[in-house]
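Visitor: Residue numbers (our numbering), protein chains in the order written: chain U, -4 to 526; chain Z, 141 to 492; chain R, 2 to 610.
Hints listed in this document are in silico derivations from the structure and should not be mistaken for laboratory results. Any given hint could be a false lead.
Computed footprint of chain R on chain Z, listed as stretches where at least three residues anywhere in the stretch have a Cβ under 8 Å from a Cβ of chain R [to be verified]:
#1 301 to 308
#2 342 to 349
#3 376 to 385
#4 417 to 426
Under the rule of at most 27 Å between Cα atoms (straight-line distance), these lysine-lysine pairs were calculated in the BS3-like manner [what the hints assert, rightly or not]:
#5 U:K220 - Z:K449
#6 U:K212 - Z:K157
#7 U:K510 - Z:K449
#8 Z:K157 - U:K34
Cβ coordinates follow ideal geometry from the N, Cα and C atoms, glycine included.
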Amino acid sequence: MTNSIREIPISEAYLLIGTNTTENHPVIGSMLKREVIHKKKKLVVIDPRRIEMSRYADVYLQIKPGTNVAILNGLAHVILKENLHDAEYVKTRCEGFDDYRKVVEKYTPEHVASICGIEDPSLIVKAARILANAKPMALYYCMGITQFKSGVNGVKSCANFQMLLGNLGVAGGGVNPLRGQNNVQGACDMGALNAVYPAYQPVGNEDNKNKFKNAWKVAFDLSMKPGLTIVESLNAAIAGDLKALYVFGENPVMSDPNQHHVIEALEKLDFLVVQDIVMTETARYADVVLPGCAFLEKEGTVSNTERRVQLMHKVVKPWGESRDDWWILTQIANRMGVDWNYQSAEDIFEEIRTVTPSYAGITYERVEKELIQWPCPTEGHPGTQFLHKDKFSRGLGLMTAIEYTPPAEEVDPEYPVILTTGRVLEHFHTGTMSRNSRILDETVPEGYVELHPNEASNYNISDGEIVSVSTRRGSIRIKARVTERPKPNVAFIPFHFAEAAANKLTIDALDPTCKIPEFKVCACKIEKVNA
Amino acid sequence: MDTIQLTFDGKEVTGKKGQTILEVARDNGIDIPYLCYHPRISKTGACRICLVRVNDTALKPSCTEPAANGMKIDTEDEEIRELRRSILGMLLAEGDHNCLYCEWNGECELQRLCHRYDVPEPTGEFPKREREVDTVSSNGLRRNENRCILCGRCVKACSEIQMNSVWEFTGRGSATTLTSDMFDRIGDSSCVKCGTCVQLCPTGALSFQTVLGRGQSWELQKESSICIYCGVGCKIDFYTNKEGVLVKAMGNEQGPNEGHLCVKGRFGFDFVQSDKRLTKPLIKKNGKFEEAEWDEALGLVASKLSEIKSATGPDSIMAFSSAKCTNEENYLMQKFMRAVIGTNNVDHCARL
Amino acid sequence: MKPEKISKTIEKYGNDREHLMLILRDLEVQSGKNVLDVQTLRSVAEQMNMPQGAVAGFVGFYTMFKTEPRARFVIRVCKSGPCHVMGSTNVFDVIQKHLGIGIGEGTKDGLFFLEKCECLGVCSVAPAMMINYDIHGNLTPKRIVSILNSYKKKKPTLKEDCGKEVDGKACVINDPKQMKRLIADVGVVDPLKIESYMARGGYEALKKSLKMEPAQIVQTVKDSGLRGRGGAGFPAGVKWTFVTKGPHQKYVVCNADEGEPGTFKDRILMEENPHLLLEGMAVCGYAIDASLGYIYIRGEYRRSIERLQRAIDQARQKGILGKNIFGSKFNFDVLIKEGGGAYVCGEETSLINSMEGKRGYPRFKPPFPGGAGFNGLPSNVNNVETLMSVPMIIGKGADWYKAVGPQNCSGTKLYCLSGKLNRTGLVELPMGSTLKEIINVYGKGMAKGKKFKFAQVGGSAGGILGKDLMDLPLDIDSPMKKGVTLGSGVVLVCDEGTCAVDFLMQILSFFEHESCGQCVPCRVGTAQLHALVKKIAERRGTEQDIDALVEKATVMKKASFCALGQSPIMPITTMLKYFRKEFVAHCNPKHKCPQCDKSLARYYSGRGH
């Protein structure tokens, strides 16, 4: 998030796009609801499903999955046409406006409505006016923006939109991605990415290479070639180029698109190590399984969606012979010829501070008492509540002209229904944790496919009936839930359930820049099982 | 901001304009007892426990009365003590407050105040209304309204923090009761089990299904951590019993969540102590996993990785790091891949 | 009920929460069984986009609504003070005998359901009952039976069809010695015709006001010395100045939730001269810069509601309500809100909550309604009698108005006479008339030659006056000095046949029934007081129980949230001042008291007592 959770009360309006906030980030969802319901703040919700937040919205735009860029361009079109944008901000703080303007010109409400499947184009005009007339306005998004072949474009469109309205670099505004995992922010910050060192320092840069070589006292030259992303690595395994894989608390068999393909890749490997807390669907394919500690058994820091670094404490004793993940890694590394001598998580954190400028001012002692959000370059620095205050990190904010591109797989007579995936309130990701928590599992014990009554009647399906959902990649049997939540011709499946794994169906098309898979849209067909 | 000066029991303190007497008192560490007030919800003014004397004359509820410059407050005198004792006595008589059977024994705010004001045991002369006891309909929440003092914190927790408005008062006067939705049982209602009502309940009227039989409140140990689920980073106080078993999770007010939690943060922790946990390293031999000692497993991983590295090069090895692991562990994993294996093949599920 | 039927009803009143009362009342009538079943309520919540709990909480608060099926006709028999004294237990007896049902029970044919209720506002013709929305007074066994029989062929409606005996004019004492100001036109003006009102000089004061500066009007009202007639006696003009000035919307709210047992003055005024209220509200609206007025009328007062609505419609047609009234820049309109059977809604902040479609809980003050009232906007709340006094003050001047009555409580007062008198009804007298004069002159003395025992002045929340206070001026300040209150002007006279314990039991059961339940001292205290006095009435009590009544009521007086919980102390202490001996006598298990026996047998039996 460019901005902070505690700024929610400062905002005058909210644009939620591709985030089912009350289920996936319930605590923030409640905070947003409070402002909208009790303080009558304005709300525009854009989502293919009639999610809870849509009930409180001044305008709800039910778009076809994969049309985010179009709708954002459409809103910008109205704002520019009616001269509602922050011209001063755009002039002094941004560049690329002319090209942007030119592209946006084509996106008339009528044109956008036809791309997005919105019946009434005037809703787009209404939404645009609401968003432009309330300041500051905060934009929140989640995987409903990013998990597309055009994910990067979706994110850039969000940034364009907020720059256009002058809502970046102000309290209560911002482009605010809601991070789906408790430390996905930190994992990125720490350089657990194929192309960057900690603090997003590119591996392809000579200075960075030398800096880390020295800091880590490495004998050989560090590689400057960006590594593989997860989905790429699976392809490499199938191609025979990747021989060994070390999986650390992840469950790609469940979480990655196109499950058959993932399993094929894992089976092809020479050596697979899985380090986890339970026997996951992925661990079954491993050569060695190492029991790691669960979160309540360890100490360490995590960074939340608003870049706030917080300390986790050891609450319970490790289960069985499970060990801290850092201890296991240190042991393996030392057996491979290095001499790591960490005695605690804090020892590692002290090293992180020396190579991660944005974390340099953060200490365990400080985060125990203070609210600190990176960047925090020195111990005297209070941290940063919101980014891009007076200028953007690159200087001027770059407005990028972006055209709408359709998803990789569109519906056709054979696969006539759009399939989208996501989470439910009671479960999390692949269910490793939530499905092993009694109350959560009892509450929602099984998966389902949400079908609009139109589909239900087209395929003669009744609520609660087991149906077959198939795509070009696979087929599952799953209980139908007939509801007006999804847009007609859109089916939704939560992906937590191994018995009815949504990712047997999803497509592994990737965004060309960031390689994110297009989980949120593919073509499927629904069939009655007991016809 | 405008400041105001006032005295509490003769002590000069500074407050902010617009604060109530109770808010000034709390900011200055002055103890005024209360039951319906809670800093996270709007003011109610219903329990009347927090009455104080203002300027030597009027008794005012400190939770709703605006503090004013030059006010003289007495937080307690004989008359106020007597009133508090009487009101607490009324509450004891109204419900069925048997601490012996109550899972909130030791943590109950009513119990604490009754001790403090030496409230006599109710005589039982006044008829009690049978109220709802529902310990079965929800797998998360228990409800025993005979312990309810109708302070309204749960109603406001649900309508002002969770924003679901499941709880509401119905009936009137001495027949007032709580209802969830349209006279439904809590388990049949639209409750999403965030548990905020339980966290704010000053008595044992609302409670969690997880606490019973897992030790008494004063035996529990508290330690904070950060929720393992989504990216909000809710700070949670986890309670464990003498055996080290996790008992309950309470939202910590210092975190970004300001004390609020969702159903996952509240109830999604027992996987940590589930039978499904791995207890020992496993090595697959002839297609079957066999338990191994750490030394053997670690040695095997190190030697296999070294072997593959020298055979097909560092780029033939990949690691999936984890957004569920700490900064330290992620840092170490990328360092391991880059500095020990010699590849940038490290990624995690940020995109998934 | 079918969702379409529900949505049509919602459409009729509007989708906002503030219309919930009218929507539910209409749906209940439509049900034909006087019921709002859970399915209907769920549908209402969904269609109005309200939390289900909010609807459940609302229905549970207002006693006129029920979620269990009742019958085509609900018989509500009043058991408040005046009716009780005049024999409401007998009414239950007759109904039980005739229909075979006790309280909370219905006849097998689905025609009748019996409930007890609190004051219906027709106390001069007590005992009374209401069947659906029709009120019947002067109930004798014969009349009860013939009334019940007449319902067998009727269809339930939302309209009132009351007997003549409860008609406003009929409830005014016809005595030339009165000083008629407020009721000067009662029986003269045709309440159904605006022309009739205007022919008598109606709306001239409004015309005059519009030529004055608003501040001038406020000053005139201040100068007149007019004090609130709802019970608290706060200077009206001063209250008007509390309304926050500025460009925002402001409201005039008329408190017509006349619920104090024994009070019926506002009902008569509204029924007989509705335009006078509209005129008073419009003048107030002009003075405080409010363009909208609301009249919150208790749901039992169907005739007031109907006549006021007709008056509003006529005034709108004549352009007296609406935009640019009398060619000025002043815009003003009036809307009606209804109550649902809750005495506490007479408290101005409870009333505002109720207007908003919420449970009638009082709000803490500050903020006062003048700063944040209806929908959070500045609202000036005045009683009917207060607002109706305004036109004459403007028309005839402050000096004229205050020429009558004591210096600090000027003007006339409407006294509501009920109980064991030869003549009961409404009289208008200079403020500060004495009990002696009221009883002897206007009540024509004690009925049936019996001896005076005590009078309850001010309603259930008022005090007991014995012979020693016969000469006390019944104005606003003098009674306070003697530990009693004028309140809304109730004078309920009881003779030697009235049992003090039984009488207090009715008062304390009233308070338990009407407590909103929000604050602890009142919620628990009213229940405990009722339990204590019942124990004494059952002759199981002790002298400690008598003392406990005072102790509990003292705690309530000091600690309760609003006036309701602060009130029981007055009837208790004043009653004990005179009749403690009688209470002590009741502590003897062998003591005989047929009155207590009858009340205990009648009011505390049946399924829904």
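Visitor: Starting from the hint list further up, note which numbers the structure goes against and sort them upward.
Guide: As far as the earlier hints go, 2, 3, 4 and 6 are violated by this structure, in ascending order.
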